[in-house]
Amino acid sequence: MKPEVQKLQQIEQQLNAHFIERQHEIHAILLGICAQKNVLLIGAPGVAKSNIVDQFMYVLPITYGTFKRLISPTTQPEELFGSVRFDRLKEGIMERNIEGQLPTAHVAFLDEVFKATSDLLNSLLKIMNEHRFENGTEELTTPLFTLIGASNEFPEEDRLNALYDRFLIRREVEAIQTPAHFMQMLQGNTEEITLPRLTAEEIQVIHAETKAVHIPETMIEMLTEIHFKLKDAGIVVSDRRTKQCLSILQAEAYLQGRNEVKQSDFRVLVDCLWIESEDRETVQDLLVPYTKTVIDQLFVQLNRLRMEVDAKHAVLKQAEMIQYEEYAQFASAILMKWQQIEQEMMTESPTEEELQKLNEWKAQLHEKIAEEVM
902 MKPEVQKLQQ IEQQLNAHFI ERQHEIHAIL LGICAQKNVL LIGAPGVAKS
952 NIVDQFMYVL PITYGTFKRL ISPTTQPEEL FGSVRFDRLK EGIMERNIEG
1002 QLPTAHVAFL DEVFKATSDL LNSLLKIMNE HRFENGTEEL TTPLFTLIGA
1052 SNEFPEEDRL NALYDRFLIR REVEAIQTPA HFMQMLQGNT EEITLPRLTA
1102 EEIQVIHAET KAVHIPETMI EMLTEIHFKL KDAGIVVSDR RTKQCLSILQ
1152 AEAYLQGRNE VKQSDFRVLV DCLWIESEDR ETVQDLLVPY TKTVIDQLFV
1202 QLNRLRMEVD AKHAVLKQAE MIQYEEYAQF ASAILMKWQQ IEQEMMTESP
1252 TEEELQKLNE WKAQLHEKIA EEVM
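Residue numbers (my numbering): 902 to 1275.
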């Protein structure tokens, strides 16, 4: 595996260990950085949106410009684009001191981005989409490759639709869902984590190699089919957005250590193809037939084993006496089948998330089997 990919995976693993139930958000930002696309995180206050972004700001090269602002209805253009140069203003030219401001940033984070006023929107849209900024008599090319936006709510005003559309990757960030994970968060280490830092050369390699990932024609045909099926379902995704999804597929393949897109990569498009919040489930359901992998099928087999154990326990609860020798043979057979399926799964290069799921299921299985012999 390429050293740049190994480093990205190390960053992802460390962040996943630090932030509970934030694997999808962390992976989404990594996709945005590799594919050079914008990312939006929508969720209530206190779900670690800003904290996660801060960690990504840290891993970027020291020589790279980063920019972070909390947007409010009173935020002025000077706060994003720099103060006006009065010497040029006397000449009738609106030129700004852009050094250290958004036009010179490689990666930017705008918190509460949908509170942007009309005065900010036009320049913001041009930087996000075209990576261009008009400064006085010049139109500059900006180094920005990923802008991360965060918001506590969805945009409601029509004037914000264009801004919303500029975010190719969109994640709804939810509060921690399970009591066990919540306890893990409460008991977790609050100290800062030390992440490996990327160099400018590594970022350049990451961008170049992501773009070089091969997309087979069968994958393009599949994306075309998905585009029109979504349209039939009433979810109209723009041609531009669907085309940009190709770069996300390339980024996913790259992060998995491959130089070619395959069917399983389509799973990440669930964060790219929905428009309204209620569309997300429809998109997810529509993608399932396209993304069912060998690993997914193996998980189905593992789930059958779990169901067998549950059924056996239901029978044992009704029995007057447990035949321990018979139960030991049953448990041994289950564990042997599990081991065989697990070995087959390892040959398919499971993702970090799939490995976590496998380990959780295995721990639950062992606990369940042990119940009857305690």
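Treat the hints loosely; a few may be bogus.
List time: in silico BS3-like cross-link candidates among lysine-lysine, alpha-carbon distance up to 27 Å [said to hold, decoys possible]:
(1) 1263 - 1193
(2) 1238 - 903
(3) 1193 - 1132
(4) 1238 - 1263
(5) 1193 - 1144
(6) 1027 - 1016
(7) 908 - 969
(8) 1027 - 969
(9) 1144 - 1218
(10) 1218 - 1193
(11) 1238 - 1258
(12) 1144 - 1130
(13) 1213 - 1258
(14) 991 - 1016
(15) 1130 - 903
Derived Cβ-Cβ restraints for the label pairs, each shown as a range [stated by the list, open to error]:
(16) 1207 - 1158: 23 to 33 Å
(17) 1140 - 1163: 47 to 57 Å
(18) 1042 - 1190: 22 to 32 Å
(19) 1125 - 1073: 24 to 34 Å
(20) 1163 - 1105: 24 to 34 Å
(21) 955 - 1180: 52 to 62 Å
(22) 1020 - 1144: 28 to 38 Å
Simulated from the structure, these hints should not be mistaken for laboratory data.
This structure is a prediction, so every number in the text was calculated from the model and none was measured.
The C-beta atom is built at its ideal place from N, Cα and C for all residues, glycine as well.
How the hints compare with the structure:
Proximity of residue 1263 to residue 1193 is assessed by CA-CA distance (about 21 Å); at most 27 Å being required, the pair is judged to hold. Pair hint residue 1238 plus residue 903 does not hold up; C-alpha atoms about 34 Å apart against a cutoff of 27 Å. With a C-alpha separation of about 22 Å, the suggested pair residue 1193 and residue 1132 falls inside the 27 Å cut-off, and the hint holds. About 12 Å separates the Cα atoms of residue 1238 and residue 1263, which keeps this hinted pair within 27 Å; it holds.
Of the pairs offered as hints, the one joining residue 1193 and residue 1144 holds, with about 22 Å between alpha carbons and a cut-off of 27 Å not exceeded. About 17 Å separates the Cα atoms of residue 1027 and residue 1016, which keeps this hinted pair within 27 Å; it holds. Note on residue 908 and residue 969: the hinted pairing holds, with a Cα-Cα distance of about 24 Å set against a maximum of 27 Å. This hinted pair checks out: residue 1027 and residue 969 have alpha carbons roughly 18 Å apart, not beyond 27 Å.
Pair hint residue 1144 plus residue 1218 does not hold up; C-alpha atoms about 56 Å apart against a cutoff of 27 Å. Pair hint residue 1218 plus residue 1193 does not hold up; C-alpha atoms about 36 Å apart against a cutoff of 27 Å. A distance of roughly 18 Å separates the Cα atoms of residue 1238 and residue 1258; the hinted pair therefore holds under the 27 Å criterion. For the given pair, residue 1144 sits about 16 Å from residue 1130 by alpha-carbon distance, which is consistent with the 27 Å threshold.
Taking the CA atoms of residue 1213 and residue 1258, the gap is about 23 Å. The hint holds against a cut of 27 Å. Annotation: proposed proximity of residue 991 to residue 1016 is violated, straight-line Cα distance about 32 Å (limit 27 Å). About 36 Å separates the Cα atoms of residue 1130 and residue 903, which puts this hinted pair outside 27 Å; it is violated. Taking 23 to 33 Å as the suggested C-beta distance range, the pair residue 1207 and residue 1158 conforms, at roughly 30 Å.
The hint said 47 to 57 Å for the Cβ distance between residue 1140 and residue 1163, and at roughly 24 Å that hint is violated. A hinted range of 22 to 32 Å is violated for the C-beta pair residue 1042 and residue 1190, which are about 42 Å apart. Checked against the given bound of 24 to 34 Å, the beta carbons of residue 1125 and residue 1073, roughly 27 Å apart, stay inside it. Under the hint 24 to 34 Å, the C-beta atoms of residue 1163 and residue 1105, about 26 Å apart, fit the expected range.
In this structure, residue 955 and residue 1180 break the distance hint of 52 to 62 Å, their C-beta atoms being roughly 30 Å apart. Here the CB-CB span from residue 1020 to residue 1144 is close to 31 Å, well matched to the stated 28 to 38 Å.
The earlier numbered hints that this structure contradicts are 2, 9, 10, 14, 15, 17, 18, 21.
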